[in-house]
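Whole structure, please, built from the sequences with the hints as guidance.
These protein sequence lines map, in sequence, to chains A and B. Counted from 1, the first sequence has number 136 at position 136 by full-length UniProt numbering; the numbering is strictly sequential. Counted from 1, the second sequence has number 33 at position 33 by full-length UniProt numbering; the numbering is strictly sequential.
Some hints here could point you the wrong way.
Note: identical chains are not told apart, hence a pair may lie in one copy or across any two.
Unchecked claim - The calculated lysine to aspartate or glutamate pairs, modelled on EDC-like cross-linking and capped at a C-alpha distance of 20 Å, are:
no. : residue 1 : residue 2
1   : K432      : E380
2   : K268      : D297
3   : K65       : D361
4   : K346      : D225
5   : K376      : E405
6   : K429      : D184
7   : K268      : E380
8   : K143      : D302
9   : K71       : E211
10  : K31       : D449
11  : K429      : E247
12  : K292      : D302
13  : K239      : E59
14  : K330      : D204
15  : K65       : D248
Simulated from the structure, these hints should not be mistaken for lab results.
There are 2 protein chains.
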Amino acid sequence: MLSDLYELTMGNGYLQATPDLTGYFDVYFRKVPDDGGLVIFAGLQQVIDYVNDLHFDDEDLAYLKSLGIFKDEFLAYLKDFKFSCDIWSMPEGMPVYANEPLMTVRGPLIQAQLLETMILNTVNHQSLIATKARRITHAAGDKPVMEFGARRAQGPDAANYGARASVIGGAQSTSNVMAGQMFDIPVAGTMAHSWIETFPTEYDAFHTWAELYPHNCALLVDTYDVLHSGVPNAIEVFKELKGQGIEDHIGIRIDSGDITYLTKKARKMLDDAGFPNATITISNALDEWVIKTVLSDGAQVDAFGVGEKLITAKSDAVLSGVYKLVATEKDGQITPKIKISDSVAKTTVPGFKNVYRLYNDDGMAFADLLTLHDEKLPTEQPLHVMNANPEKTHRQATVDNYTAEDIRPQIFKNGKQVYHSPSVLEIQKFSKEQLARQWDEVKRVTNPDVYNVDWSPRLAEVSARLLAERSK
Amino acid sequence: MLSDLYELTMGNGYLQATPDLTGYFDVYFRKVPDDGGLVIFAGLQQVIDYVNDLHFDDEDLAYLKSLGIFKDEFLAYLKDFKFSCDIWSMPEGMPVYANEPLMTVRGPLIQAQLLETMILNTVNHQSLIATKARRITHAAGDKPVMEFGARRAQGPDAANYGARASVIGGAQSTSNVMAGQMFDIPVAGTMAHSWIETFPTEYDAFHTWAELYPHNCALLVDTYDVLHSGVPNAIEVFKELKGQGIEDHIGIRIDSGDITYLTKKARKMLDDAGFPNATITISNALDEWVIKTVLSDGAQVDAFGVGEKLITAKSDAVLSGVYKLVATEKDGQITPKIKISDSVAKTTVPGFKNVYRLYNDDGMAFADLLTLHDEKLPTEQPLHVMNANPEKTHRQATVDNYTAEDIRPQIFKNGKQVYHSPSVLEIQKFSKEQLARQWDEVKRVTNPDVYNVDWSPRLAEVSARLLAERSK
Numbered sequence: 001m002l003s004d005l006y007e008l009t010m011g012n013g014y015l016q017a018t019p020d021l022t023g024y025f026d027v028y029f030r031k032v033p034d035d036g037g038l039v040i041f042a043g044l045q046q047v048i049d050y051v052n053d054l055h056f057d058d059e060d061l062a063y064l065k066s067l068g069i070f071k072d073e074f075l076a077y078l079k080d081f082k083f084s085c086d087i088w089s090m091p092e093g094m095p096v097y098a099n100e101p102l103m104t105v106r107g108p109l110i111q112a113q114l115l116e117t118m119i120l121n122t123v124n125h126q127s128l129i130a131t132k133a134r135r136i137t138h139a140a141g142d143k144p145v146m147e148f149g150a151r152r153a154q155g156p157d158a159a160n161y162g163a164r165a166s167v168i169g170g171a172q173s174t175s176n177v178m179a180g181q182m183f184d185i186p187v188a189g190t191m192a193h194s195w196i197e198t199f200p201t202e203y204d205a206f207h208t209w210a211e212l213y214p215h216n217c218a219l220l221v222d223t224y225d226v227l228h229s230g231v232p233n234a235i236e237v238f239k240e241l242k243g244q245g246i247e248d249h250i251g252i253r254i255d256s257g258d259i260t261y262l263t264k265k266a267r268k269m270l271d272d273a274g275f276p277n278a279t280i281t282i283s284n285a286l287d288e289w290v291i292k293t294v295l296s297d298g299a300q301v302d303a304f305g306v307g308e309k310l311i312t313a314k315s316d317a318v319l320s321g322v323y324k325l326v327a328t329e330k331d332g333q334i335t336p337k338i339k340i341s342d343s344v345a346k347t348t349v350p351g352f353k354n355v356y357r358l359y360n361d362d363g364m365a366f367a368d369l370l371t372l373h374d375e376k377l378p379t380e381q382p383l384h385v386m387n388a389n390p391e392k393t394h395r396q397a398t399v400d401n402y403t404a405e406d407i408r409p410q411i412f413k414n415g416k417q418v419y420h421s422p423s424v425l426e427i428q429k430f431s432k433e434q435l436a437r438q439w440d441e442v443k444r445v446t447n448p449d450v451y452n453v454d455w456s457p458r459l460a461e462v463s464a465r466l467l468a469e470r471s472k
Numbered sequence: 001m002l003s004d005l006y007e008l009t010m011g012n013g014y015l016q017a018t019p020d021l022t023g024y025f026d027v028y029f030r031k032v033p034d035d036g037g038l039v040i041f042a043g044l045q046q047v048i049d050y051v052n053d054l055h056f057d058d059e060d061l062a063y064l065k066s067l068g069i070f071k072d073e074f075l076a077y078l079k080d081f082k083f084s085c086d087i088w089s090m091p092e093g094m095p096v097y098a099n100e101p102l103m104t105v106r107g108p109l110i111q112a113q114l115l116e117t118m119i120l121n122t123v124n125h126q127s128l129i130a131t132k133a134r135r136i137t138h139a140a141g142d143k144p145v146m147e148f149g150a151r152r153a154q155g156p157d158a159a160n161y162g163a164r165a166s167v168i169g170g171a172q173s174t175s176n177v178m179a180g181q182m183f184d185i186p187v188a189g190t191m192a193h194s195w196i197e198t199f200p201t202e203y204d205a206f207h208t209w210a211e212l213y214p215h216n217c218a219l220l221v222d223t224y225d226v227l228h229s230g231v232p233n234a235i236e237v238f239k240e241l242k243g244q245g246i247e248d249h250i251g252i253r254i255d256s257g258d259i260t261y262l263t264k265k266a267r268k269m270l271d272d273a274g275f276p277n278a279t280i281t282i283s284n285a286l287d288e289w290v291i292k293t294v295l296s297d298g299a300q301v302d303a304f305g306v307g308e309k310l311i312t313a314k315s316d317a318v319l320s321g322v323y324k325l326v327a328t329e330k331d332g333q334i335t336p337k338i339k340i341s342d343s344v345a346k347t348t349v350p351g352f353k354n355v356y357r358l359y360n361d362d363g364m365a366f367a368d369l370l371t372l373h374d375e376k377l378p379t380e381q382p383l384h385v386m387n388a389n390p391e392k393t394h395r396q397a398t399v400d401n402y403t404a405e406d407i408r409p410q411i412f413k414n415g416k417q418v419y420h421s422p423s424v425l426e427i428q429k430f431s432k433e434q435l436a437r438q439w440d441e442v443k444r445v446t447n448p449d450v451y452n453v454d455w456s457p458r459l460a461e462v463s464a465r466l467l468a469e470r471s472k
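Set out below in structure tokens:
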């Protein structure tokens, strides 16, 4: 029932007016958030779960009937709803680009239309967060990033699915226990200031904690004064427990103040006290830019806890993915469709399409190629392509010494799932492997290069023909 | 189970170390998003639902046990969990301000700590969206705002609870059917471009729609060309159906292009064709600033459909509410607690407190007053107060001719709900009434005045004493 009303009013209309028409819808976005170079695709598993469970119960139907706008025939259709669409999709974790179809849904218009709201909600959200996590973990380099944002997430689902997407994008763990349980991803955490304050002294609080959790002993040192109280008390506790095997499980967390200054000083104090393995975690309003800055300023940090700026992608909190009709089919005949807009960028790419990724001899990806679905996997050398970037529509190119790979497996076939779902940690691994095949220039956080999304000449021809017809 | 791991590791620790300590936690925020003048408090109902359903089932306990960090005694406590806290809270829809306790939770530390993540998640999210909706509906004046953002919301809950919060903040309706069903709020919608494209011509698409939905006939006119195709086709359909009683239910929606120009032209075309009651709805990337601008430029708009910028509060996507220990209690003795920070703004306000709103003779609110819980409702005239704004801590004032009202009812008493929950539309009405008692200067979208949050002299004294003790 998570659906915009118009999906249902249109469905009601399709059933009356065009019951035998098949539709093709593409999911794509036009702009990478934060002016980044790539998006990490995520959310497919929740689309699969939703589709497999799609039904309308009596309560739903009674509610819809109460709105007084639907024909009984339509409500009966929903009651006996049987999903029969085909779906192709990028696998989760895949680096993807603007203006290429991430998913394609083919099926009876009434059904394919109905999926729009849920698919966009799920893919837009999780891809947004996975993309932000990729940026943040990229900035952190080899230092682990923990997702700490549940309290600032936009609702419980945003906390849970956002933690999932963060791990897909490279986060090592989440503080969110429910996400840990739901998705079998590592959970992590330390303590809050309230723990410290409930004890007569900071030292008592630390000491009690260290005895309770000798193997997870990260002490929060900024309740009163980091360098004059927190770190000295932590060191005193570490000294007392020395020899009990905790040396490799101790650390401090700093959640406020001047991170670079405080971590440098704290590092020296810990080292001088004989605890070079004590880790320093920081967690105050971090994002990819702050992390890059403090590291380049020489901050002594071993791990990052990232909260609201990851879980909401605060600096650019929307991935504006769309779900657009690109073709209809009747009696086996596919008719490509176009929506024209004032701006070239918003004009849709017509037709039922395939997406190939082109790799060079070193296995590095250098372009994605959109073709019409009945074109074969490209093998001719050299290959003639057209660049699809709206600011480069004149650009034609010839590529050589490449191999092409169809990167969108089929997920549903005539309503049945035909795809084996990987685990979240498998997706994270897949994503890292795919990112290793992308150039550094595309992956950087600021001013990345624009990856090529090309069209086959036949696709370009169809688009030009439809544009010309509509402009007559 | 939506909880940060540390709530549970601390809970485990409290049970060992301080089992008989009672804690007082305040929920508050330090900064209004978008540099606005006020926040609309929302999300209480979902806290109530969560608390009433709080339990740990066998699967949860098995998962927690598998983490290998909790004592059996703690897991047994969770298994037999019986909620026994007191909760006081602002009612939903209330205009609230920085640095005042929106909620206070009192109870066994282990329990009160456990609520932190869920309370913050829910209150931060819904208050954020209700606040944004208040800003947007304020900019729209008497023209209705429809919430259209489900596809860009950060997950399904964000779509549903975000729609609820939008209505609390003044939106008239939502496109989200599930939210309509869950919260009994009005649903609304028109059609997507795909509807138009599945028909041979735009005219056919409009005509079919008008026959299907004569009482909800808002035609989307920007699939091909607003002024040369969309509006003329819409007018032709309206003319054909004239006399069939649809005149007061027709309209157009424009989703792209230059809104001011297009709506002025379209208005004239509709008027000239004899349809002065045909409404014009716009829906392209709107927020409070765009709405103010197009209205002041003379755009001819009857209603606004607002999507991603409302449902994610995109321009400032986080309300950073916190949950801080302010006192502990043992054997009936309450000890106020403070957390000191480098910045005055982040130092907590200690003690178990009440919040009073002060009204002048005209019934307009001019300040909120925080007192210690055992101080009486202030009635003395004049009344001596201290301003709590960290930039104005020196400010003392004397207020006269006021009445004070305790604005935080008790919600739970010893674990039992003692509060009657209003409906969402009742909350919306309450919010409008409360907003009518706030000055325009606080409500404006840009550069609002800062509302006064004052302390009683006794509260100021406690805070000063704790600060001095900690600085020794």
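Status of the hints after comparison with the structure:
no., hint, in the structure
1, K432 <-> E380, "neither (30 Å within a copy, 67 Å between copies)"
2, K268 <-> D297, "within (16 Å within a copy, 61 Å between copies)"
3, K65 <-> D361, "neither (60 Å within a copy, 50 Å between copies)"
4, K346 <-> D225, "between (54 Å within a copy, 13 Å between copies)"
5, K376 <-> E405, "within (11 Å within a copy, 75 Å between copies)"
6, K429 <-> D184, "within (15 Å within a copy, 44 Å between copies)"
7, K268 <-> E380, "neither (61 Å within a copy, 57 Å between copies)"
8, K143 <-> D302, "within (6 Å within a copy, 53 Å between copies)"
9, K71 <-> E211, "between (67 Å within a copy, 13 Å between copies)"
10, K31 <-> D449, "within (14 Å within a copy, 37 Å between copies)"
11, K429 <-> E247, "neither (30 Å within a copy, 59 Å between copies)"
12, K292 <-> D302, "within (14 Å within a copy, 47 Å between copies)"
13, K239 <-> E59, "neither (63 Å within a copy, 39 Å between copies)"
14, K330 <-> D204, "between (75 Å within a copy, 18 Å between copies)"
15, K65 <-> D248, "neither (63 Å within a copy, 23 Å between copies)"
Checked against the numbered hints above, the structure breaks hints 1, 3, 7, 11, 13, 15 and satisfies the rest.
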